[in-house]
Amino acid sequence: MATNTEILGGVETGLREIAADVVSRAMKAGASAAEALVREGEEFSTTVRMGQVETLKESGSRGLGMRVFVGKRAASTYTSDFTHEGIERLVKGALDLVKITSEDPYAGLPDPSQLGSLGDLKVYYEDVYSLPPEQRIEYARRAEDAALSADPRIKNSEGGAFDASTGSMVLANSLGFVGEYRRSYCSIYASPIAQAENGAMQRDYWYSVARTLKKLESPEAVGTEAARRVLRRLGARKIASTQVPVVFDPQVARSIVDDIADAVNGDSIYRQSSFLAGKLGQKVAGENVTIVDDGTLPGGFGSSPFDGEGIPSRRTVVIDKGILKSYLLNTYTARKLKLETTGNASRGLAGNPGIGNGNFFLQKGTRASKEIIANIKQGLYVTEFLGFGVNLVTGDFSRGASGIWIENGELTYPVEEITVAGNLKEMLNNIAEIGSDLEFRGSVASPTIRIDGMIIAGE
Amino acid sequence: MTQNQNLFFQKFGITPGDLQRYLAEALSAGGDYADLYFEYLTSTSISVDESIVKSASQGISAGCGVRVLSGERTGYAYTDDLSPDKILRAARTAALIARGPSQQPIHGFKESSVHQLYQVSSPSVDADVASKLELVMRADKAARAYDPRIVQVRGGYADELRQILVVGSDGTFATDIQPLARFSVFCIAKSGENSSKGNAGGGGRVGIDYFLTEKTPEHFARESARQAIIQLDAREAPAGEMEVVLGPGWPGILLHEAIGHGLEADFNRKGTSAFTGLIGKRVASEKCTVVDNGTLPSRRGSINVDDEGSPTKETVLIEKGILKGYLSDKLSSKLTGMPDTGNGRRESYEHIPMPRMTNTYMLAGQDSPEDIIRSVRRGVYAVNFGGGQVDITNGKFVFSASEAYLIENGHITAPLKNCTLIGNGPDALTKVSMVGNDLQLDEGVGTCGKDGQSVPVGVGIPTLKLDSMTVGGTAR
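So the protein sequences, as listed, match chains A and B. Quick note on the numbering used here: the first sequence kicks off at 1 and runs consecutively. Quick note on the numbering used here: the second sequence kicks off at 460 and runs consecutively.
Simulated from the structure, these hints should not be mistaken for laboratory data. Everything numeric in this text was worked out from a predicted model, so none of it was measured. Be aware that a few hints might be false.
Ranges of calculated distance between the beta carbons of each label pair, as one might list FRET restraints [stated by the list, open to error]: (1) A/Glu197 - B/Gly911: 33 to 39 Å; (2) A/Asn408 - B/Leu794: 45 to 51 Å; (3) A/Pro152 - B/Pro560: 27 to 33 Å; (4) A/Lys370 - B/Ser927: 35 to 41 Å; (5) B/Ala589 - A/Gly51: 54 to 60 Å; (6) A/Pro152 - B/His870: 52 to 58 Å; (7) B/Ser572 - A/Glu197: 25 to 31 Å; (8) B/Glu509 - A/Arg315: 30 to 36 Å; (9) A/Gly442 - B/Leu794: 33 to 39 Å; (10) B/Glu509 - A/Arg441: 35 to 41 Å; (11) A/Gly278 - B/Leu794: 32 to 38 Å; (12) A/Glu410 - B/Asp830: 47 to 53 Å; (13) B/Glu509 - A/Lys155: 55 to 61 Å.
The C-beta atom is built at its ideal place from N, Cα and C for all residues, glycine as well.
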């Protein structure tokens, strides 16, 4: 819908001015502090199924959000209406709403000395939107085709996809901060379906994501890997309940690391709703475990020059050789906990800032995943989780899973309809092996890990 | 003429002639069908944390989505600017999906007859924010008063009013004004080294009065606190296959995951669901009759008209154990000839509609809940759940129990730690051996995600006994 010049024009055509204008109007209308946020995004997506284009979607939208303070009270409003009347209504709405909220001694904008922005983090490349539409469709088609033609047992598909998007973010506050950045994103995806002789179907997927087309894997590589992943699931069976070492492939290990990101979220900490609350400085994991949050990695999926409050992103060691060193904090939670913000404020258009991770990862070890598996006499290699059975208050962990049985160091038959259960407190201390295969396919990443002591429930 | 037309016709100056022109533009490159979805959404949200109001917000979003169907292809574009040139541009973009001579929309619209399911005298979103705040404060107080071991309470009230106008090139013309309100209370309990959480909430397509008269803040607060306190003494859940009894109401998430998604027409049209080709076959015990019903008054999952302008319906999915039907939208209906069941839904104007559930539940049976519990020698009685998920293609599904008890020799004994239950959709319900006479629907908390789109839904079951299901605990 939009051409490239218009996208580039987005930030230049005055989003900064709009944000600054909203802040000054709020101050004139009686706010003691104010903050405005403008987001603008463009998205393109196409899916191809069984060789035919299935969907083609292209659009853009923008939104404007603001937060006002009157003393220690805060309120927020948002709108998609950028007209003069729309903005007037936004400001008036916020100042009306602030009358009913409570005095909160910890509320407020960040300390002015902490505001700032990093330089270019290589998170925006205009090339993601540069492909002509036919080429984009071709990427999706090629990814699906590579999967469909990999093996005669792959006869159906949920399709291949190519997505591209760009987004701008502008933040301004009454302390004089005005910052902006743009980020780009593109991805190729394939999701084939394979059928066993008895008719039972399995689905799996693979994908590649990047900030620039140049770093995207080829559609053929994505489709071929998707095919490999679905074929190995054919003939999956349930196993008897047991307790054996469990190896988590990086895609599922990353979901456990993501649970840790949630458990160190400052909001959960001050509300005592995390099993890691109050554990700062204590040993919470094995000595082999170091977990880092780094919002400054060039080109990272979790990188940004400043956070949702205008604090420069940074690198924070969360767990250092098993010791809990830091939570992830924004200004509010830092004040509540008498700590310093870690620059992890996240923002939607509405409400108070939340907390989000930068690039959050478990530091890699030295072993190849093959070697980790080779060391196990009997065990389970988990390749997919199903459901969300994690209780961060208690650390109780119980999730549906599928994977491959390990016998004498070899992957043997596929397994499904089982659960893997334990408690995150113990799991962090029972990480027996950490692989060398750390790779970012999103803002949270983990190498292959082996955890001992978990219970598998099946027949 | 409804208020909606006033909104889009008057506030945004859109005329029936404009709508014809936009649809004609959408069909300018061929295409079998085009539609426009106008949405104007206002919402408010307040939350009380540590007994003070830390956050209050309100907002407005408006936009229009244009869709063009051409065979199995869908072209889609949207705009948050409702001026004619922006909508025409979206129409031209969506039209790119089609290749062929331009088509003309049917001249003149026929207004869909819609239900009147929301008995709301004035929308919650227009109510005084201070009165909502008072409700949340009451919940905070009631939760703290429940037990001194409740150490944290977070209460929230969120509501919205979605005004929609859907017009299609086949003459479809439908409007709706959809209210939605939801109350939530989250508690943390602490006792010595043990911590636990409780979570309760509810609402529906109701006004603020509902929380003053039917389900009060105290009701949700006590329920949340009760769950948290019970969980303080929870012991490890067992691991392995055993008898499972599900309590009435929200545990109906079983149906949503085990069969509901698998019966959405898009998956079956493409042959990617484990239920593909099973119409007329037995997929549940003969005690099971399951329906999806978007027409229940005031329910969270109910809508007068779906997001393609079709009136919602009651659809029988399983009748006495036999698979009877799928949930369909316009596209799947056009491609397969199966009836459009009014299940075409979308999260917002930015999203392409697809078949989705509304309120999915099992009809009541003959057994008393007490007899069902008494019949179990050793098993699990699960009464509250967090979320669930399903793999449509192999049929495996999970749902995670947040409140469950051990049943020993026909008696409910110890509370159990959170555990996930896992099963296989096409045969899970064949193991239903007893169906209670106590059908309940959930209190209005469900949100369903599919392809990145969230929509409000409802579920319900009577007390159910499954002879065998895998319980994912840690006790061996």
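Exercise for review: Give me the numbers of the hints this structure contradicts, sorted from smallest to largest.
Suggested key: Of the numbered hints given earlier, those the structure breaks are 3, 7, 11, listed in rising order.
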